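A.B. asks: Sequence:
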Amino acid sequence: MIFLVAAACGAALGMAAVLARAAFALVIVRGNSMSPTLRDGERVLVRRSHRIHAGQVVVFAAVRRHRSDPPWLVKRVTEVEGEQFTVAGDNPRSLGSAQLGVIARADLLGVVVRPVSRRVPS
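Using the UniProt record's numbering, the first residue of the sequence shown is number 1, and each one after it goes up by one.
Derived by calculation from the structure, the hints in this document are not laboratory data.
Bear in mind the structure is a predicted one, so any value in this text is a computation, not a measurement.
Hints may contain errors.
Claimed, not checked - The calculated label-pair distances, taken between Cβ atoms and stated as ranges, are:
#	residue 1	residue 2	range
1	A23	Q99	27 to 33 Å
2	R67	R114	17 to 23 Å
3	N91	A22	29 to 35 Å
4	R39	G82	20 to 26 Å
5	A25	P92	15 to 21 Å
6	A23	H66	30 to 36 Å
7	G82	L26	27 to 33 Å
8	A23	P92	16 to 22 Å
9	R67	G41	16 to 22 Å
10	A23	R65	29 to 35 Å
11	H66	V113	27 to 33 Å
12	H50	G101	16 to 22 Å
13	N91	S49	23 to 29 Å
14	P92	A22	21 to 27 Å
Backbone N, C-alpha and C fix where the C-beta goes; we use that ideal spot for every residue, glycine too.
My request is simple: use the sequences and hints to build the entire structure.
C.D. replies: Encoded structure:
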């Protein structure tokens, strides 16, 4: 009987982990575009969603010109219109939609829920 309860608990924990992975992602912030809100090397928890509004911090696919470019960008939404949105960094010297153009909602990974660590790279 104890074995059955332990197996059921293990299966439930496994299913919860799979569901959490489908709903959330961990992303490492690269660069200082979101400083002082988020810092280079900081990990953030991202809720996978395409429902966004102005003011939220989001993660979206970056146009990679070089192999060393990060696969994701982290920016604050400035405006949402239909299936596209515009962004800006919290750092006044960062790139935003003036340089990147409008972002397609299809390129959106999700909304930053909160920082997971305040680790700064060495």
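A.B. asks: Decide, hint by hint, whether the structure agrees.
C.D. replies: Evaluation of the provided hints:
1. In this structure the supplied range 27 to 33 Å holds for A23 paired with Q99, their Cβ-Cβ distance being about 32 Å.
2. For the pair R67 and R114, the beta carbons lie near 30 Å from each other, so the given range of 17 to 23 Å is not met.
3. Separated by about 32 Å at the C-beta atoms, N91 and A22 satisfy the suggested range of 29 to 35 Å.
4. Separated by about 33 Å at the C-beta atoms, R39 and G82 break the suggested range of 20 to 26 Å.
5. One distance hint, 15 to 21 Å for the beta-carbon pair A25 and P92, is violated here, with the actual separation near 28 Å.
6. Checking the proposed 30 to 36 Å range against A23 and H66 shows it holds: the Cβ atoms sit about 32 Å from each other.
7. Restraint check, G82 to L26: a C-beta distance of roughly 29 Å satisfies the suggested window 27 to 33 Å.
8. The given range of 16 to 22 Å is broken by A23 and P92, whose C-beta atoms sit roughly 33 Å from each other.
9. A hinted range of 16 to 22 Å holds for the C-beta pair R67 and G41, which are about 20 Å apart.
10. At about 31 Å, the CB distance of A23 to R65 agrees with the hint of 29 to 35 Å.
11. In this structure, H66 and V113 meet the distance hint of 27 to 33 Å, their C-beta atoms being roughly 30 Å apart.
12. Separation of H50 from G101 is about 19 Å and conforms to the stated range, judged on CB atoms against 16 to 22 Å.
13. A C-beta distance of roughly 25 Å is found between N91 and S49, which places it inside the suggested range of 23 to 29 Å.
14. At about 36 Å, the beta-carbon gap between P92 and A22 misses the expected band of 21 to 27 Å.
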